[in-house]
Amino acid sequence: MKLLRDFLDKQKPHFVKGGRFEKLHSTFDAFETFLFVPNKVTSSGAHIRDAIDMKRTMIIVVVALLPALIFGIWNVGYQHYLSQGLAYDFWPMFGFGLMKVLPIIIVSYVVGLGIEFAFAQVRHHEVNEGFLVSGMLIPLVMPPDVPLWMVAIATAFAVIIGKEVFGGTGMNILNPALTARAFLFFAYPSEMSGDLVWIAEKADAYSGATPLGHLLVGEVDKIPSDWAMFLGTIPGSIGETSTLAILLGAIILIATGVGSARIMFSVVAGGLVMGWLFNLWGANDYMNIPAYQHLIMGGFAFGTVFMATDPVSASQTGIGKYYYGFLIGMIAVLIRVFNPAYPEGMMLAILLMNVFAPLIDHYVIQSNIKKRLKRAKVAVKA
Amino acid sequence: MQLIKTCTQVDMSTVTKIRKGLNINLIGEAEKVIKELKSDHFAVKPTDFIGVFPKMLVKEGDTVKTGTPLFIDKNRENIIFTAPVSGVIREIKRGAKRLLLEIKIDADGKDEYVDFKAEQPSSLSREQVIEKMRLSGVWPLIRQRPYSVIADPLAEPKSIFISTFDTSPLAPDNDLILHGQGEDFQTGLDALAKLTKGKVHLNIEAETTHSKVFTNSKNVQINQFSGPHPTGNVGVQINRLDPINKGEVVWYCYPQDVVTIGKLFRKGHYDATRVVALTGSEVLSPVYFRTRTGVAVEDLVKKNTTDVKKRYISGNVLTGKQVELDSYLGFYHNQLTVIPEGDYYEFLGWGMPGLKKFSVSRSFPAFLFRNRKYRLDTNLHGGDRALVMTGQYEKVFPFDIYPMQLIKAIMVEDIDLMENLGIYEVDEEDFALCEVIDTSKTNIQEIVRKGLDLMRKEMS
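Sequence lines, in order, name chains A and B. Just so we're aligned, residue -18 is where the first sequence starts under our numbering, counting upward by one. Just so we're aligned, residue 435 is where the second sequence starts under our numbering, counting upward by one.
For reference, chain A alone in the conformation it holds in the complex:
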C-alpha cells in the first residue's frame, strides 16, 4: 500500500496543471480516489465531516444488486438447459450464464465509463460514481440473448442523451439505465420482446414466453406458479426474474438507508391498489389475476427496488415520494392490463413518473411557500 501510494505520489505531478498529461487529470483523479480516499481536508464550513461519500453509497447499491445478479447468471444457464431438456448441476449452469452475462456487463461498463471519463475530462470535473450503479443496472434489465453491439449503443445513448446533455450526474431527468432499456425496446422491438429472446440459445420447440407474454395473449392458465415467479426460475430479463433476490437487495438498501423505503412501499401499494381495482372491475382474465401477482411478474419488483428509487430522477421531497411511488405502481399495472403493445408497463411507468417528478415536487413546495406567505399576511394584520 505504501508502495502504491509512493507510486501515485510520483506520478501525480504529471497530471496536475502544467504537467505532461494535464489533459488526463480527471482520469488520474478517478483512479487515485478509487484506490485511496483523498487527503483533502475541510476548507470552509463544518470542520468535521461524515465518513459517507458517493463511492460508499454507490458501492452499497452494487452490493444490493449482487443477489439478483448471481441468481440471474444461474437462471440464464438453467433456462438454457431447461429448454433443451437437460438438467445439470449448479456450476455448469452458472458457467453458461456467466459466459452470457459477463460480456454484457463488461460492454456496459467499458462504454459507459469511457463516455463518463471523456465528459469529466472535457468539463474538468471529477468523475462521478453514478455509473457504477447504472453500469450494473443496464445488463440486469437486458434479455440474455441481447447482441453486445446493442448493449453498447443503448449504453452510449443512455449516458449521452439520458444524462450528459442535461449537465451530467445529478441533473438528469430520466433514469439512465431505464433510458437504455427503453431505447432498445423502441429501436429494436423484435430483439427486445416476444417469446424468443428470454432464453439464451433456446431450443426451437420450447416456449420461451415470460409470464407477461402469456398474459398478453390471454393464456392465463400457462403462467408459472406463484412460487416459481417469486423464486425467479422463469424466463425473463437477466436480473429481473427473482423477486426473492431483489427482496434481499431491498433489505440491504433499506437497512443502510441508501434506497428510499418510502418510494418502495408506495410503489408496492400503488400496484396492489390498482390490481385490486381491476379485480373489482373484472372485465377480462388479465384483470382478474390476483393483485399480488403483479408484484412478482416482469420487472415490477426490480423497478420498485432499483429503478424507482434512483434519487436523481425520483421525487426529491418527502411527501412527493409517496405520490411518485404510488403512481408508478398504479400506472405500471394499468399499462400492463390495458396496453397490449407494451407488455412491460413498469419501465414506461417509471420513465413517465420521472418526467412528472419535478411537477409533483413543485406542488409540494408550493404548498410550503403558501403556508409561509399566509403566515406573513397574518403577521401584517396583527
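The hints are simulated quantities; they were obtained by calculation from the structure and are not laboratory data. Where hints are given, some of them may not hold.
Stated by the list, open to error - Heads up, simulated DSS-like pairs for lysine-lysine below, C-alpha to C-alpha not over 25 angstroms straight-line:
1. Lys631(B) with Lys355(A)
2. Lys21(A) with Lys807(B)
3. Lys352(A) with Lys829(B)
4. Lys21(A) with Lys875(B)
5. Lys701(B) with Lys551(B)
As the list claims (entries may be wrong) - Partial selection, computed: residues in chain A whose CB lies under 10 angstroms from chain B:
6. Leu(-15)
7. Met35
8. Ile41
9. Gly238
10. Arg243
11. Leu354
12. Arg356
Glycine included, C-beta positions come from ideal geometry on N, C-alpha and C.
Mind docking chain B on chain A? Use the hints.
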C-alpha cells in the same frame, strides 16, 4: 414612553420538543473548572463582523483604555468598536488587498476604563440605553436575524432571543459560566427589555438548565426546549416561537453578552471579561479560562496540546473559524477547539467496514454505537460531487423549510425563490449539520452565507 415590564412569564408546562437533529459526541469536553488566564495579548478582528467595512480611529503605537473606540463601520457609522483592554496598539495587521485583519493590543496591566456612567436601565429611555451600549462598544454583541449582522441601532426588533444553552459539539456550559453573575445578567435583561415592544425570550433546556441565574430571571419570557443540536441555536428557537416573515427583524445575543451589557449599566464601563472553554481531542487537559474577548490563541493553549498536526478552531467544530496559533479568538466565540488535521490518504477507505468511523448513514456501523465519543479529524472523507442523494438534510434540519431546494435556489441566485423558500428564517449555522452529513461534500454554509449576503444587498 413604554411601560416598564416587570412580570416574568414562565411557562414551565410546555416544552418545545425538537425531534430532528444530531448530537455529535466528541472527545475533549472541558472539565467544569474555571481557571484565571494571564494574557497580555488581545485583538479585535474586523473580519468577525459580517458586512462591516472598518474605518480606523487609532494607529499603531496609540495608547487605549478599555472602551476607547478603535474603528467604526464605514457603512453604518453609528456602530462603534472599542478596545477590550487598556494598553498599546502593537500592530494593525492587514492582509491581501489591504483587508484589515487584526488590531493587536498589548495590555499594560493598568486596567483603565472609559467611564460611561453607571445607571439602572429602568431609569433610562430606550434611546439612552442604546446610546450607552453604542458608545461603549457593547452594541456589536447584539445581532439580528435575518443575515446575522450587527443590529441596527435605529431599528426596533419584533422580539429578542437569548439561548441559554448550546447544543453544538463540546459546547461550553453556560450554567457554569454564569454562576454567581445573576445580578449582572438580570440588569442586562432589563436593558434588553427596553429595546423591544415585543418579548424578550429566554430559552432554557428543559432538563439540563438548572442555574437559578436563568430560571429566576425576571422581565422576560422563559421558554423550555428539548432536543438534539441544533435546538440550542436561536434560529431554531425563533422559528418555533416567533418566525421571521419578510421585512421583520429579531435580535439575539449570547448569555455572556447579557452579563457584559449588565456590567456596563451596573459599573459604568465596558467589561470584556469572558469565560472561554478550551476543548477538543488534542487538548491535554481541557478546561475553562476566565479572560477577555479576543484573547491570543497561543496564550490559551500554551503547552496544553498533543504533538500531532492540529487545527485550531475559534468556536466549535461545526461553525467555528480556523485560526492560526499566532491569531486570536473571535469576537463572538467563547470556545477554542483543537482537533487533528486529516490530511492523510486511506487505502480503499470507501470500501472498508469502517468500524470506528463517524457516520450518520447506516452504511457504517456507527449507528450501533449511539453514545460513542469520537476523535474526529478534518478529513473530508471524499470528493466534491453533484447533489445526488435526497432526504438526507431533512433528518437534521428542524425547520419547515426544504433545505436542498433552498440551497439550489441560492446556487442559481433566484432571489424570489430564496425568499419564498424561507431564507429569512435561517442562518449558515443552521445548515452546519446538513453540511456534516452531506454525501456530496458540498460546502453548504458557504452557499447559505452567499445567499444571505445577496438578499441583504438586494433588500437595502
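The hints, checked one at a time:
1. Lys631(B) with Lys355(A): holds, 24 angstroms
2. Lys21(A) with Lys807(B): holds, 23 angstroms
3. Lys352(A) with Lys829(B): Within the cut-off at roughly 21 angstroms; holds.
4. Lys21(A) with Lys875(B): Distance ~11 angstroms between Lys21(A) and Lys875(B) Cα, so the pair holds.
5. Lys701(B) with Lys551(B): Judged against 25 angstroms, a Cα distance of about 7 angstroms means the pair holds.
6. Leu(-15): holds, 8 angstroms
7. Met35: At 5 angstroms from the nearest chain B Cβ, Met35(A) passes the 10 angstroms test, so the hint holds.
8. Ile41: holds, 5 angstroms
9. Gly238: The hint holds - Gly238(A) has a Cβ within 10 angstroms of chain B, the shortest such distance being about 5 angstroms.
10. Arg243: Interface hint status for Arg243(A): holds (8 angstroms vs cutoff 10 angstroms).
11. Leu354: holds, 8 angstroms
12. Arg356: holds, 6 angstroms
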